[in-house]
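Undergrad: Here is what each chain is made of, one letter per residue.
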Amino acid sequence: MSHFIYTFGKILPGFVFPLLLASCVSLKGVREFAETATANVAHYNELGYSFLDHCEDRCRVEAIRTLDIQLELSCSCDLYSKADSVTGIFYTTIYDYLKGLGELAGKDLTSYQTDRVFEALSAEQYGPVSINESEAGAYAALSNLLSDVALTGFRKKKIAQYLEEANAPLQTLLGKFQMLISKDLKGELRFKKARLYSQYKDMMMGRTLDSDFENQSAVRTYYLSLKEIEKKEKLLDVYAKSLNEIAKGHQKLYDERNQLSLKELTQSLLGYSEEIQKLYQEFNQLNR
Amino acid sequence: MAKLTPEQVRTLSDQFYFLGMAIGEYRYTHWDDLSLEENKELSDSQYAILKSGEDMLAFAAQLVMDEAQTSIQQIQGLTKEIQDTIKDLKNIQKAMDVAAGILVLGAAILEKNPEKIGSNLQGLLELWKSD
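If you read the protein sequences in the order shown, they are chains A and B. Mapping the first sequence onto the numbering used here, position 85 (from 1) lands on 85, and the numbers just tick up by one. Mapping the second sequence onto the numbering used here, position 45 (from 1) lands on 45, and the numbers just tick up by one.
Next up, chain A with everything else stripped away, as it sits in the complex:
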């Protein structure tokens, strides 16, 4: 028995290892892409601006403009809350899918540990069925290796199937989500700038401030507020751009779904992952 295991142990890596390597390479590309994409999509929670925020800000600015003092400021923002729930649904749907895809291509999913079964079998009480400790270890290693190879193949097949079914609706969702962020939510910021401009311009034109100091302070406050809005606009732009890169990466996965073991695919996917990674860092830098 020991000789058999020794011989098998010598030849096994020769045919199983290349198989494993090929499988690992392909799943690695899908995994890294999905994980990077998921992290980028999750930046939604750090955008720091929503439709509801916009409505409430506007409500306050309008109360200041009209010198309207109330015990509790009442803002009618249902339309804006609904718009937020729409973007929330887009975010959750895309995030959950990418997270699932990354997990299915994950490192640990099919690394089964059979050692415990073989350890149990090595117990002396089993009499004729028992195996010795070193044989148990070798069987366990062999079994782990083979189950990984078989199930990696299964996972690749399932991933190819999911990519095929998901690509068209996902492209639609990513495209529309991008528009919600870069056109609708960012568009609200353009209006916010317009209000800010009018508010300060009215102040200057109406000569409501007495001294140069007050005038200059007002101008300084205006530009600081403008800078804050522009920072939010940039954040939304970077986020929308990363959604676009995710769409391109998924399209590449879909195009090559039946050749997921090709090294070239992994390399080109890593290119998308790197691009998304750059946007991830850019977002974090802007958001400091």
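No lab work stands behind these hints, which were simulated from the structure alone. One or more hints might be untrue.
[Stated by the list, open to error] As a list, the in silico EDC-like pairs of lysine to aspartate or glutamate whose alpha-carbon atoms are at most 16 angstroms apart: (1) B:80 - A:255; (2) A:99 - B:32; (3) B:87 - A:96; (4) A:157 - B:88; (5) A:201 - B:32; (6) A:157 - A:255.
Chain A is fixed; fit chain B onto it per the hints.
TA: Chain B alone, transformed into the frame defined by chain A:
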């Protein structure tokens, strides 16, 4: 009547933005020619127009939802399938661990060791109930 598309609503919102800005610029250019009342009236119109443009963008988001309903349902269905597949793959490990647990329990029974039988049985039950 045909339903508006989000793109059409966004275009309308753009028009309202430019109109609001134009009224503002008119006020500033003719500041000294306008009476306080006239200026206030124009200012109120300007802000009301801007508000309409903002509301349109929030409305466009809702129209997007109508357009994307089918795609959302498709992706949500697929995500459920992916999660089920992941669960199945994880259950293979659980089955292996349960098999090992049964073997260890068998050994404890053969040993006639009540303490080991109790602890192994407890461990096995916990493993079985785990996700």
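Undergrad: The structure should be examined with respect to each hint, and the outcome stated for every one.
TA: Status of the hints after comparison with the structure:
no.: 1; hint: B:80 - A:255; verdict: violated, 23 angstroms
no.: 2; hint: A:99 - B:32; verdict: violated, 61 angstroms
no.: 3; hint: B:87 - A:96; verdict: holds, 15 angstroms
no.: 4; hint: A:157 - B:88; verdict: holds, 15 angstroms
no.: 5; hint: A:201 - B:32; verdict: holds, 14 angstroms
no.: 6; hint: A:157 - A:255; verdict: holds, 15 angstroms
Violated hints, in rising order: 1, 2; the structure is consistent with all others.
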